[in-house]
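Please model the entire structure based on the sequences and the hints provided.
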Amino acid sequence: MTTAVVLTPVSAPVADHVLVAALDGALDYTNAEPLRRDVEALVGEGHRELVLDLSGVSFCDSTGLRILLSVRKLLQERDGAVTLAAPNDRLAKIFKLTGLISAFTVAPSLAEALDVVGARSNPR
Amino acid sequence: MADHRRQWPITDDLAALRENIQRYAVQAGLTGPRLDDLVIAANEAAINVLEHGGGSGTLTISCDGGTLAVDVVDRVGVLRPGAVPSERPSGRGDRGFGLWLMGELCDSVTIDRIPGQSTIRLAMQVDDGADAGGSAAGGGSAFGRGARSV
Numbered sequence: 001m002t003t004a005v006v007l008t009p010v011s012a013p014v015a016d017h018v019l020v021a022a023l024d025g026a027l028d029y030t031n032a033e034p035l036r037r038d039v040e041a042l043v044g045e046g047h048r049e050l051v052l053d054l055s056g057v058s059f060c061d062s063t064g065l066r067i068l069l070s071v072r073k074l075l076q077e078r079d080g081a082v083t084l085a086a087p088n089d090r091l092a093k094i095f096k097l098t099g100l101i102s103a104f105t106v107a108p109s110l111a112e113a114l115d116v117v118g119a120r121s122n123p124r
Numbered sequence: 001m002a003d004h005r006r007q008w009p010i011t012d013d014l015a016a017l018r019e020n021i022q023r024y025a026v027q028a029g030l031t032g033p034r035l036d037d038l039v040i041a042a043n044e045a046a047i048n049v050l051e052h053g054g055g056s057g058t059l060t061i062s063c064d065g066g067t068l069a070v071d072v073v074d075r076v077g078v079l080r081p082g083a084v085p086s087e088r089p090s091g092r093g094d095r096g097f098g099l100w101l102m103g104e105l106c107d108s109v110t111i112d113r114i115p116g117q118s119t120i121r122l123a124m125q126v127d128d129g130a131d132a133g134g135s136a137a138g139g140g141s142a143f144g145r146g147a148r149s150v
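In the order they appear, the protein sequences are chains A and B.
Residues 1 to 124, numbered by UniProt numbering, are exactly what the first sequence covers, in order.
Residues 1 to 150, numbered by UniProt numbering, are exactly what the second sequence covers, in order.
Note that these hints are calculated values from the structure, not bench results.
These figures come from a predicted structure and were not determined experimentally.
By construction, the Cβ of each residue, glycine as well, lies at the ideal position given by its N, Cα and C atoms.
Careful: at least some of the hints might be erroneous.
[Unchecked claim] If you anchor each label on the Cβ, the simulated ranges turn out as follows:
(1) B/52 - A/16: 16 to 22 Å
(2) A/17 - B/56: 43 to 49 Å
(3) A/37 - B/107: 17 to 23 Å
(4) A/15 - B/6: 49 to 55 Å
(5) B/82 - A/79: 31 to 37 Å
(6) A/58 - B/52: 43 to 49 Å
(7) A/46 - B/31: 46 to 52 Å
(8) A/108 - B/115: 48 to 54 Å
(9) B/75 - A/33: 20 to 26 Å
(10) B/107 - A/6: 34 to 40 Å
(11) A/77 - B/5: 48 to 54 Å
(12) B/108 - A/99: 33 to 39 Å
[Unchecked claim] Some chain B residues flagged as far from chain A (calculated, every beta-carbon gap over 10 Å):
(13) 4
(14) 76
(15) 85
(16) 108
(17) 111
(18) 121
(19) 127
Rendered as structure tokens:
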């Protein structure tokens, strides 16, 4: 009935503790809570970093922001972080307006997000 | 201008509601980031009804004299005039956050309350030069089927 939001693991081996996943669809009140459970199920014991590719997300409302923050908390409890990649203009505006942009690392593309996380994981 | 207004029930099919709002707003001449802003704000108002407003209500969209208005009505009437915070609330999950967001995104947000019913009105000026005269003077045709390409 409602637009689904789909979470798919992405194979992008940066380091064992880094989980990369793509999110596709419209993230709203009707599907945000199931998404939280999907993310929690996907994050394995050894994962401390999560990179979320948002390039396929067309829409995100305040409920979606809430879920992203709860996912951030989950990773922070493991001394890790969430990096958001490639939000569209609409999402970037909402992140900025709500101050969410300062709560996450936001990268313009997945490649750049992986660079950031890679550098954080393998300091030279 | 009752003949141009459209009304939909607020259900958990928010995706369909957003599409309906977007389609109407585009026909009314709203484009670009301001179109996004209205869709996001209207979605927040609808969530408010689902979460705090008794779970059912209606959304009505209308355009009159260059003002595009979205009226979101709940059936509990708890929401009061003046409830829109002027500063960003710290809690991102509470009702005030959605209201604050609406205030940031729209030209104006007004709340009317009568016993058992609150109405949030989100308004956007449709200031596209080419459309301003047409929608004010000849609004009747502007919303006719296929009158304006999307």
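Exercise. Hint by hint, which ones does the structure fall short of?
Worked result: Checked against the structure, the hints that fail are numbers 1, 3, 5, 6, 12, while the rest are satisfied.
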